[in-house]
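S.K.: As given, the protein sequences belong to chains A and B, one line each in that order.
Each residue of the first sequence is one higher than the last, beginning at 81 in the working numbering.
Each residue of the second sequence is one higher than the last, beginning at 1274 in the working numbering.
Hints were generated in silico from the structure; no laboratory data involved.
There may be inaccurate statements among the hints.
Claimed, not checked - Here are the simulated lysine to aspartate or glutamate pairs, EDC-like style, with alpha carbons at most 16 Å apart:
(1) B:Lys-1347 <-> B:Glu-1365
(2) A:Lys-169 <-> B:Asp-1600
(3) B:Lys-1690 <-> B:Asp-1729
(4) A:Lys-105 <-> B:Asp-1517
(5) B:Lys-1346 <-> B:Asp-1288
(6) B:Lys-1694 <-> B:Glu-1330
(7) A:Lys-169 <-> B:Glu-1299
(8) B:Lys-1608 <-> B:Glu-1619
(9) B:Lys-1347 <-> B:Asp-1288
(10) A:Lys-103 <-> B:Glu-1628
(11) B:Lys-1291 <-> B:Asp-1333
(12) A:Lys-103 <-> B:Asp-1615
(13) B:Lys-1694 <-> B:Glu-1628
(14) B:Lys-1650 <-> A:Glu-119
(15) A:Lys-169 <-> B:Glu-1619
(16) B:Lys-1285 <-> B:Glu-1345
(17) B:Lys-1731 <-> B:Asp-1333
(18) A:Lys-106 <-> B:Glu-1628
(19) A:Lys-106 <-> B:Asp-1697
(20) A:Lys-105 <-> B:Asp-1697
(21) A:Lys-169 <-> B:Asp-1343
(22) A:Lys-170 <-> B:Glu-1299
(23) B:Lys-1650 <-> A:Glu-146
(24) A:Lys-170 <-> B:Asp-1615
(25) B:Lys-1690 <-> B:Asp-1343
(26) B:Lys-1291 <-> B:Asp-1343
(27) B:Lys-1608 <-> A:Glu-119
(28) B:Lys-1285 <-> B:Glu-1501
(29) B:Lys-1337 <-> B:Glu-1299
(30) B:Lys-1694 <-> A:Glu-117
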Amino acid sequence: MEIDIAHLSRLARVAIRAEEMAKIKKDLSSILGYVSELEAVGAGPAEVLADSDLRNVMRSDTDAYEKGRFSESILSQAPDREGSYIAVKKILEK
Amino acid sequence: MSIDLSTLSIKKAHDGLKNRLFSAGELFDAYHAEITRRDGDIHAYVELYESARRSAEEVDSTLKNSSRIDLEKKLSPLAGIPIALKDNILVEGEIASAASNILRNHRATYDATATALLRSAGAVLLGRTNMDDAAMGSSTESSVYGPTKNPHDLERVPGGSSGGSAAAVAAHMALVALGSDTGGSVRQPAALCGVVGLKPTYGSISRHGLIAMASSLDVIGPIGKTVEDVEILFRALNQHDPMDSTSLPNDRYGAPARTTRRIGVPVDFLKKGIDPDALVRFQDAQTRLKTLGYEIVPIDLPHMPYSLAVYYILMPAEASTNLARYDGMRYGFHKEAATLLDEYLESRGEGFGPEVRRRILLGTYVLSAGYYDAYYKKATAVRDMIRREFASVFAGTKDTPAIDAILTPTTPSPAFKLGEKTADPLMMYLEDIFTVPANIAGVPAISVPAGTLLRDGKQLPFGIQLMGAWGDEATLFSIAKDFSQDR
């Protein structure tokens, strides 16, 4: 199988240096080779596990804590901010 | 008085405080002195919290202002107990970096639920311990702070990813510690450092405030010198938490007591890949359990050997999703670049170390269009089969009787040398071959010291692992205490 590292790198938003491409490709091929042993496993029973405890967990959409309690400690860690907004580069060019 | 840290347990420390043999401040000082003496070589800690001495003093003022009878009734078992926390568990106001460059300057804005429970019990939080980058690794070598060394041989790794926590306990630089376990990250370092480590049932300890890696597998787990210490810590943290939707409600948790006194060994799974000396220790352990009155029976879990392959699909898939939040824009490492897209690419490219980048790309690959069914969907189907097999083997099948626990070595071999496995990721991954199945099945598992192996003139610890039925930590504690003779 052919793995396009440059494409994956863009999808994942993780820059991979040119000199690392070959090594990471080799590593991924070897790991994917290993996990492909699952192809040998036949399909399992279709029904849901009898002892399954899976269920939806809901909570009411109310404030878990008072408004603004964490705002400053969170905003103070942003690389760039304008007032109570986090500032980032423009994405639309004129 | 001088306190013998090498034989200290939570109960002994608690009695010592209650009977005023020493103060919480003196206990803290004893651990601090040991850290000063040894951690330069071992590097278990990445930071000591300045607030620790103050917490000890607060316990002392309670001790001073309470009558003997009050203390007997009210003093929490964890009051004054010095605990180390893995660097991925949030402590409000302190750096929590997961030993990753991307979070190196990240300061926690709230306490993890585990932290808050320890704090309210009066525990003394000593500091944050070293770990693999974003908890990805089995040796603590991928940490942005550099590796931790094994206290039994400084040329060897302590295991990982909770290597700092295990090394701190083994070297008496903390009485107990917390780690996190996604595929073996509590049990494997506990085994390599000669201490006890528990991966509890999935959902039994809140993960609110644990830096997430793979959310269907992650658990927080205690590490201690004795089974009893680990049990005390587990019971203190085993509580429902509305802030973690996967946390189990108290009334749905637990399992009926198991009394078959039978332990299953998956013989086929253990046929290859184990160090010959480790195999001898493993057989010794079985002999010992038989002497203690347990029956050892061979069991068959045909899909268990696929656990590691399932793990290396589900874990990277979930990790790549969880780690998407570290974008360099809101907090953590940020790299300036020409465009917004380049800033994402560069911040994440430089922020994550090689192992993390590898797993993010792997996760992105197995989740991408056209591959999803072949990898992720297949892996979840095989996970269901493994869970089913675990449940049936505990209940008993037509071929094998019901059992109380499953026994394996914790690791295939003792601690390896620094640098020995860093070049080949797959070799490092195989280190977790015996620990991963419990995470895949969601069941509890404990690693207990079971003798040592001689390597290059040093005695290196070897650990056995007991896996229990879902929700049944109690049976594991019971067998592990029998085995370690600490009742």
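S.K.: Indicate, hint by hint, whether the structure satisfies it.
M.R.: Each hint, compared with the structure:
1. B:Lys-1347 <-> B:Glu-1365: With Cα atoms ~26 Å apart, B:Lys-1347 and B:Glu-1365 exceed 16 Å; violated.
2. A:Lys-169 <-> B:Asp-1600: holds, 13 Å
3. B:Lys-1690 <-> B:Asp-1729: holds, 11 Å
4. A:Lys-105 <-> B:Asp-1517: violated, 37 Å
5. B:Lys-1346 <-> B:Asp-1288: holds, 13 Å
6. B:Lys-1694 <-> B:Glu-1330: Violated. B:Lys-1694 to B:Glu-1330 sits at ~44 Å, over the 16 Å cutoff.
7. A:Lys-169 <-> B:Glu-1299: violated, 53 Å
8. B:Lys-1608 <-> B:Glu-1619: Measuring from Cα to Cα gives roughly 6 Å; hence the hint holds.
9. B:Lys-1347 <-> B:Asp-1288: Given that 16 Å is the threshold and the Cα spacing comes to 13 Å, the pair holds.
10. A:Lys-103 <-> B:Glu-1628: holds, 12 Å
11. B:Lys-1291 <-> B:Asp-1333: holds, 10 Å
12. A:Lys-103 <-> B:Asp-1615: violated, 23 Å
13. B:Lys-1694 <-> B:Glu-1628: Answer holds: B:Lys-1694 to B:Glu-1628 is near 13 Å, not above 16 Å.
14. B:Lys-1650 <-> A:Glu-119: holds, 12 Å
15. A:Lys-169 <-> B:Glu-1619: Between A:Lys-169 and B:Glu-1619 the Cα gap is close to 14 Å, so the pair holds against 16 Å.
16. B:Lys-1285 <-> B:Glu-1345: holds, 14 Å
17. B:Lys-1731 <-> B:Asp-1333: violated, 41 Å
18. A:Lys-106 <-> B:Glu-1628: Measuring from Cα to Cα gives roughly 13 Å; hence the hint holds.
19. A:Lys-106 <-> B:Asp-1697: At roughly 10 Å apart (the allowed maximum being 16 Å), B:Asp-1697 and A:Lys-106 satisfy the hint.
20. A:Lys-105 <-> B:Asp-1697: holds, 13 Å
21. A:Lys-169 <-> B:Asp-1343: Violated. A:Lys-169 to B:Asp-1343 sits at ~60 Å, over the 16 Å cutoff.
22. A:Lys-170 <-> B:Glu-1299: violated, 56 Å
23. B:Lys-1650 <-> A:Glu-146: violated, 40 Å
24. A:Lys-170 <-> B:Asp-1615: holds, 12 Å
25. B:Lys-1690 <-> B:Asp-1343: Measuring from Cα to Cα gives roughly 51 Å; hence the hint is violated.
26. B:Lys-1291 <-> B:Asp-1343: holds, 10 Å
27. B:Lys-1608 <-> A:Glu-119: Distance ~41 Å between B:Lys-1608 and A:Glu-119 Cα, so the pair is violated.
28. B:Lys-1285 <-> B:Glu-1501: Status holds; Cα separation ~11 Å.
29. B:Lys-1337 <-> B:Glu-1299: holds, 14 Å
30. B:Lys-1694 <-> A:Glu-117: Violated, at about 23 Å.
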